[in-house]
Amino acid sequence: MKFGKEFKKQKVPEWTEVYMDYNGLKRILREVMRYKQSLLHPALMHNRASQQKQITFMDSTAFSTAQHLQSSNLNQSKTDVENQVIDVDTLQRDGSKKIYKTMFLGRSEDGGDVETMFFAKLDEQLNKVNTFYKDKVKALIHEATLLNKQMDALIALRIKVRNPHLNRSNLKIRRSLSNAALRMPPTNITSKGDKSSGKEHMGLTPEVDTIYDHKKDESTAEKELNSARTTGCSTDHGEQVRNHDYQQDPLKILDHVKINNTLDSPISTIRGVFKDSKEQDLSFNKEELRRVEEQLRHAFIEFYNKLRLLKHYSFMNLSAFSKIMKKYEKITSRRATRSYMKIVDNSYLGNSDEVSWISVTSLLERVEGIFIKNFSNSNRRKGMESLRPKAKREKHSVTFLSGFFSGCSIALLVAIALRIDAGNLMNKEEGTQYMENIFPLYTLFAYAVLHMLMYAANIYFWRRYHVNYPFIFGFKRGTELGYREVFLLSTGLAVLASAGFLANLHLDMDSSTHGYKTVSKMVPLSLVTFVLVITFCPFNIIYRSSRFFFIKRVFRCICAPLYPVTLPDFLLADQLTSQVQAFRSFELYICYYGLGEYSRRQNRCHRHEVYNTFYFIVAVIPYWLRFLQCIRRFYEDKDAMHGYNGLKYFLTIVAVIIRTAFELKKRIAWMVFALVSSAIAVTMNTYWDIVVDWGLLQRKSRNRLLRDKLLISRNS
Numbered sequence: 001m002k003f004g005k006e007f008k009k010q011k012v013p014e015w016t017e018v019y020m021d022y023n024g025l026k027r028i029l030r031e032v033m034r035y036k037q038s039l040l041h042p043a044l045m046h047n048r049a050s051q052q053k054q055i056t057f058m059d060s061t062a063f064s065t066a067q068h069l070q071s072s073n074l075n076q077s078k079t080d081v082e083n084q085v086i087d088v089d090t091l092q093r094d095g096s097k098k099i100y101k102t103m104f105l106g107r108s109e110d111g112g113d114v115e116t117m118f119f120a121k122l123d124e125q126l127n128k129v130n131t132f133y134k135d136k137v138k139a140l141i142h143e144a145t146l147l148n149k150q151m152d153a154l155i156a157l158r159i160k161v162r163n164p165h166l167n168r169s170n171l172k173i174r175r176s177l178s179n180a181a182l183r184m185p186p187t188n189i190t191s192k193g194d195k196s197s198g199k200e201h202m203g204l205t206p207e208v209d210t211i212y213d214h215k216k217d218e219s220t221a222e223k224e225l226n227s228a229r230t231t232g233c234s235t236d237h238g239e240q241v242r243n244h245d246y247q248q249d250p251l252k253i254l255d256h257v258k259i260n261n262t263l264d265s266p267i268s269t270i271r272g273v274f275k276d277s278k279e280q281d282l283s284f285n286k287e288e289l290r291r292v293e294e295q296l297r298h299a300f301i302e303f304y305n306k307l308r309l310l311k312h313y314s315f316m317n318l319s320a321f322s323k324i325m326k327k328y329e330k331i332t333s334r335r336a337t338r339s340y341m342k343i344v345d346n347s348y349l350g351n352s353d354e355v356s357w358i359s360v361t362s363l364l365e366r367v368e369g370i371f372i373k374n375f376s377n378s379n380r381r382k383g384m385e386s387l388r389p390k391a392k393r394e395k396h397s398v399t400f401l402s403g404f405f406s407g408c409s410i411a412l413l414v415a416i417a418l419r420i421d422a423g424n425l426m427n428k429e430e431g432t433q434y435m436e437n438i439f440p441l442y443t444l445f446a447y448a449v450l451h452m453l454m455y456a457a458n459i460y461f462w463r464r465y466h467v468n469y470p471f472i473f474g475f476k477r478g479t480e481l482g483y484r485e486v487f488l489l490s491t492g493l494a495v496l497a498s499a500g501f502l503a504n505l506h507l508d509m510d511s512s513t514h515g516y517k518t519v520s521k522m523v524p525l526s527l528v529t530f531v532l533v534i535t536f537c538p539f540n541i542i543y544r545s546s547r548f549f550f551i552k553r554v555f556r557c558i559c560a561p562l563y564p565v566t567l568p569d570f571l572l573a574d575q576l577t578s579q580v581q582a583f584r585s586f587e588l589y590i591c592y593y594g595l596g597e598y599s600r601r602q603n604r605c606h607r608h609e610v611y612n613t614f615y616f617i618v619a620v621i622p623y624w625l626r627f628l629q630c631i632r633r634f635y636e637d638k639d640a641m642h643g644y645n646g647l648k649y650f651l652t653i654v655a656v657i658i659r660t661a662f663e664l665k666k667r668i669a670w671m672v673f674a675l676v677s678s679a680i681a682v683t684m685n686t687y688w689d690i691v692v693d694w695g696l697l698q699r700k701s702r703n704r705l706l707r708d709k710l711l712i713s714r715n716s
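Under this note's numbering, the first residue of the sequence shown is numbered 1, with each subsequent residue one higher.
It is worth saying that the hints were derived from the structure and are not from the lab.
Check the hints yourself; a few may be wrong.
With a straight-line cut-off of 16 Å between C-alpha atoms, the simulated EDC-like cross-links for lysine to aspartate or glutamate are [said to hold, decoys possible]:
hint	residue 1	residue 2
1	K392	D510
2	K306	E485
3	K521	D510
Derived DEER-like restraints, expressed as beta-carbon distance ranges [what the hints assert, rightly or not]:
hint	residue 1	residue 2	range
4	L664	G594	51 to 57 Å
5	S526	V682	37 to 43 Å
6	F439	T683	49 to 55 Å
7	P389	D113	50 to 56 Å
8	K5	K138	28 to 34 Å
9	E294	S378	36 to 42 Å
10	V672	N458	37 to 43 Å
11	G482	L567	26 to 32 Å
Since we're looking at a predicted model, the values are computed, not measured.
C-beta atoms are modelled at their ideal positions from N, C-alpha and C, and glycine is treated no differently.
Take the sequences, apply the hints, and build the full model.
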């Protein structure tokens, strides 16, 4: 694979804009190559004409002349190697920020203008990449200080929970706490600094926030780190300072630890409504310790992944600079690679491990050691499996079964069509009535299969265009389903439903099976029961992790205003709005088997007032859930867009209610109301989907009528 494709494939999607523009630099080099070829073509024609005129004079004199020319060319090329092609200056801005600027020393007649443009673009990319990398490293060091304090609090909490009656002044506790202390970069941050930084770090460890109270001047983490680097303060010195604090009072840290009420459960949400403060004191119980350990463990894993991504970012960009300079050298025959790569290697991007007192590599090693010791009982293999889970291996059995079930489902559908045609059901009044009663019971499975097939297609394209959907949706690493697995489940469900439908037709239409009428009536209910049992099965079969994730998200959607709304929550609720007919099909099961309509084989559900009431409610439920989610997000974020989105769903609810009333009443007035309300809802939903959700029809976009950032390039 060419480096350009590999470089694009290995990019972190969220950082695409801050990678080196490898393709842009290649386009400039193509211009340089075309310019060189345009100069070379007349020279070649002139040389060929001269050779034809002088071919008869090729004697010893000509041979000696050729030797002389060859030696002079060699000397000239040797001189070109020794000549300096570029001169790179390092400019200082804002006191510490370094800006690299390259001056091309070649002549404009030899394509110097285009090459000057190339080096200007190259400098721009180096400055961009170097600045981003430096800022990210600084941010990660700041996160390390926060994790450092939170780990200190966790260790103290462990000692307190496991030994609740021990005295604080006990020397044994001091030593154990001191020895177990986190070997992270030293930092001392005051209460005010902690309160501000805790909010910034809320996304990493949402419920644990430590507050220190040191007898030192107030300073931010960045100033502390810079002073440590400039004064040559070592990590051992920082550990001595912290050990000194612990020796004063090792468990005093717990007096300054609060658990933030992040309103992530119904109980915490209700408490947050009636309490002014979102903080609560520690209760020092095992359940609290387990919850804190799990969240801090997750925080360390996320932090470790950030470090790995940043290290990979540095490696790929360094490789890109090396590759593009080699291409430049090959096209122009100028030796500038060594000079420029020396500057790149000495920049923060290529030399941060040596110029910085703490580097990404050392942070990776320290996080590994801390995680293995504190979260894996010093079991390195177990710890590294958590930090670096192995990629899922594609199983041949999944591919085989997917194809097998696909063929079976197609064969069953053909058999169903032939069975209906052979029985001439559609030409008989009884047959038509039978199909009107039995067909809606199986459309529930058809909607589910169609939705799963679309989801499998989404996963396929997400993977193809490197969308990190497991991270976006919050799947447990290593348990996410690929498009093959989802396709397998959808085809398996299609086979199950098709086989049940065919069995229903056979039992009801065959004269030899009249004694099995009761059995045939229970086939649809048996299929639904079987699917529900598999969905809620507690055993580790049929993708239990994904099933439980789905159940949990459905529950959070049902309890929409009581949970914070995350991307998987509102995405699932949004998907449910397209399954209103599936909900109504499920309601038919309640009517058929709950109200006894299955025995009559007639669709008389609308004669029941209870059914008509639920006919309204079921159609509204998905939109109502999204409306509540928008209200919750508007309450938390104070963003007017969430309010407008909630208004959109409220108008949709009104339109659905009026349209449902028209279906039941069949009056002209209801029809007019239904047309008006539906037109308003459709207009607003269409505009929102195209302009807001998809980001299309943007007049000021650099891509006409599209958004600025395109996932799929124009050349795809």
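Against the structure, the hints:
| no. | hint | in the structure |
| --- | --- | --- |
| 1 | K392 <-> D510 | violated, 48 Å |
| 2 | K306 <-> E485 | violated, 28 Å |
| 3 | K521 <-> D510 | holds, 14 Å |
| 4 | L664 <-> G594: 51 to 57 Å | violated, 20 Å |
| 5 | S526 <-> V682: 37 to 43 Å | holds, 39 Å |
| 6 | F439 <-> T683: 49 to 55 Å | violated, 33 Å |
| 7 | P389 <-> D113: 50 to 56 Å | holds, 51 Å |
| 8 | K5 <-> K138: 28 to 34 Å | holds, 32 Å |
| 9 | E294 <-> S378: 36 to 42 Å | violated, 19 Å |
| 10 | V672 <-> N458: 37 to 43 Å | holds, 39 Å |
| 11 | G482 <-> L567: 26 to 32 Å | violated, 19 Å |
Of the numbered hints given earlier, the model fails hints 1, 2, 4, 6, 9 and 11; all others are met.
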